[in-house]
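If you want the building blocks of each chain, they are given just below.
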Amino acid sequence: MMFHKALWYQNYKQTRMIIWMTLALFVVFLPFQSTLALETWKELQEQAQLVDDSIYEVQQWDVLQIFSEGGLAILVTLSIIVLAGMLVGLERNTRRNDFTFSLPFYRNDLFLAKWFYGAILISLFHSVNFWIAYFIIYQSEFASALYLVSWTEIFWGPLLGFLFFFTFSLFIGTIAGELISQIALTIVFAIFPLGLFTLIQGLIDVHFKYYLNQPVWLEYVTPFMYVFSNTSTIATIITAIAFTVFFLLLGTFLYKKNKIEHNGEFLIFKRLNLPFLILFSLCFSLLGGMIISSLAPWNADALRIVSYWIGFTLFLLFSLLIARRLLAMNLMISNKA
Amino acid sequence: MRVKHVSKEIHHHKILTDIDFDIKTGSIVGIVGRNGAGKTTLLRTMVGILDPSFGDVLIENESIFRNPQLKQQIIFVPDSSEALKSYSTKEMIHLYKQIYPSLDEDYYLQLMERFALPEIKKIGNYSKGMKALFFLVVAFSTKAKYILLDEPTDGLDVIVKKQVLKILVEEVATNDVSVIISSHRLDELEFIANDIIMIKDGMVNSRYGLDEMKANYIKAQVAFESDLPVALKDQVTILKQTGRVYIILIDKNHDEIIKKIKLASPLLFEDLPLSLEDLFVARLGGDDDVS
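Chains H and X, in that order, are what the protein sequence lines are.
For my numbering, count along the first sequence from 1 and bump the result up by 14.
For my numbering, count along the second sequence from 1 and bump the result up by 22.
Honestly, the hints are just simulated from the structure, not real lab data.
You may find that some hints are simply not true.
Pairs of lysine-lysine residues, derived as BS3-like cross-links and limited to a Cα-Cα distance of at most 27 Å, are as follows [claimed, not checked]: (1) Lys-26(X) - Lys-273(H); (2) Lys-27(H) - Lys-144(X); (3) Lys-183(X) - Lys-236(X); (4) Lys-27(H) - Lys-150(X); (5) Lys-112(X) - Lys-150(X); (6) Lys-262(X) - Lys-241(X); (7) Lys-26(X) - Lys-271(H); (8) Lys-107(X) - Lys-184(X); (9) Lys-27(H) - Lys-143(X); (10) Lys-19(H) - Lys-46(X); (11) Lys-188(X) - Lys-144(X); (12) Lys-255(X) - Lys-281(X); (13) Lys-273(H) - Lys-222(X); (14) Lys-284(H) - Lys-271(H); (15) Lys-36(X) - Lys-284(H); (16) Lys-19(H) - Lys-183(X); (17) Lys-255(X) - Lys-222(X); (18) Lys-27(H) - Lys-165(X); (19) Lys-46(X) - Lys-241(X); (20) Lys-222(X) - Lys-270(H); (21) Lys-144(X) - Lys-112(X).
Chain H extracted, bound-state conformation (with noise of 0.2 Å):
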């Protein structure tokens, strides 16, 4: 069922032009950065030879640059945010949640679709394109520099990073009210594990000058790691299939629970308001608190402690008037037509 046809046709129409955008920022991304990267190179190489008469050698990063991280991939990630957001936040914020939820399938099934749908478009959108960005480089005299790399850095790495990205957004629109919050919270929850991390490890700097390890596991749980590092490993792929299954099980199960009558407001389930202000108040207080004691000089202890704890307060009231107004809002468009 979750492969009916009304229910593609459905999606397509609601996210028509986010897929076409994200359809042309992976041509840029792959296709058309690669040939851009052929140009620079051939560049460099001419350049080596004349000013030094030395031989210019594409190098490891070089080509991960093109296939797995950067600027592009960062976009490439933003519009799969936002059709995350187009196929479920956005139905909250509009009567379509309605028209979803009326028809004679079972919703399972229409997360599902909306999975799938996503799944499938993003896989055929890189897999495509990574192929024409790989076959621009192995058909130039730089074809060699593709040994530099393994399959699972410069292809398995991306792709399942991105659908996990997608799962992940989808997840969080099963517990956001509506599109911003949606994207606001996929982007807050995406680094939330190294930014709390940080923000922690900035306390600790101020009162005691320590510096904590960072734990190797954190990148692993932190799902932005997953489309903007470049250091795929066996180990990531494997996380990256664990999590995309355990988020896409999750969201479907709290897809079913969804209380529609909530649509429009911050949160869906209100038993997570207390727990999202108490994190939402520690974590900017903790950054108010950074970012206050960092304009202190080093070397004033007394002083960066002091103005620490002047901007934790001085966020904490801002946190606690912010989240008041957002777990208060409500963006329902309900116009009569």
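Since chain H is already given, all that's left is putting chain X on it; use the hints.
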């Protein structure tokens, strides 16, 4: 279709409380209530958009929540066409054909022609009246057994309104469907509905066949030398007062009340035709805040 002891809480407020009724095919059922009484929530629950806090909605004795495929027999036409306004008429019918396999495309074209609805590239560009008619045309073309309409004539001009009501009556008469309408346009329901469910504070206040309901009340115009006698004031519902002339509604036990009125030597006492709106006011309270 059976709405079985449905209750719904939203934000800790009870919107619906133990709503229980059934609907047979071939009838027009009006769901009547004041603004905020829970009519739209009830319709949205009946089509599975909202989960009930308690209770169930059954078709052929099976829950639509456990087996949503049963919803192929229901179509919900909301009071806003926001969800599908970017579709063309052709795309819309293509979509509905996938969802409702029983959709009769020839019938759809016939109805489109009859109501002079042009095929259009964006439904949002239809006028308000055309949109309302178009969604009804699509709903009836699906051949669904139960058609749920939320305020179908709200904001339409008189001519379109008549067309809408006409198609409703014709469809029920010829195709053995059931139309469930929530509306506060009581004057319209009066002519078409054969069953009225009155909702007050999220509960079924009463359910009547329309004729039976009318038989329970008398509407009369009375005038006395001075004010309406105090003894009568508590026993009748005053619909309107202009000077010493009262328009009143007299309940079931009217024989006794009529005797009392006659004993008070009225200057004027005559029967008036009873409308559904009068009953609405009588059952659900004063008309000041009824919209």
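Hint-by-hint comparison with the structure:
| no. | hint | verdict |
| --- | --- | --- |
| 1 | Lys-26(X) - Lys-273(H) | holds (20 Å) |
| 2 | Lys-27(H) - Lys-144(X) | holds (12 Å) |
| 3 | Lys-183(X) - Lys-236(X) | holds (24 Å) |
| 4 | Lys-27(H) - Lys-150(X) | holds (23 Å) |
| 5 | Lys-112(X) - Lys-150(X) | holds (19 Å) |
| 6 | Lys-262(X) - Lys-241(X) | holds (11 Å) |
| 7 | Lys-26(X) - Lys-271(H) | holds (21 Å) |
| 8 | Lys-107(X) - Lys-184(X) | holds (24 Å) |
| 9 | Lys-27(H) - Lys-143(X) | holds (13 Å) |
| 10 | Lys-19(H) - Lys-46(X) | violated (32 Å) |
| 11 | Lys-188(X) - Lys-144(X) | holds (26 Å) |
| 12 | Lys-255(X) - Lys-281(X) | holds (14 Å) |
| 13 | Lys-273(H) - Lys-222(X) | holds (24 Å) |
| 14 | Lys-284(H) - Lys-271(H) | holds (13 Å) |
| 15 | Lys-36(X) - Lys-284(H) | holds (17 Å) |
| 16 | Lys-19(H) - Lys-183(X) | violated (35 Å) |
| 17 | Lys-255(X) - Lys-222(X) | holds (24 Å) |
| 18 | Lys-27(H) - Lys-165(X) | holds (25 Å) |
| 19 | Lys-46(X) - Lys-241(X) | violated (31 Å) |
| 20 | Lys-222(X) - Lys-270(H) | violated (31 Å) |
| 21 | Lys-144(X) - Lys-112(X) | holds (10 Å) |
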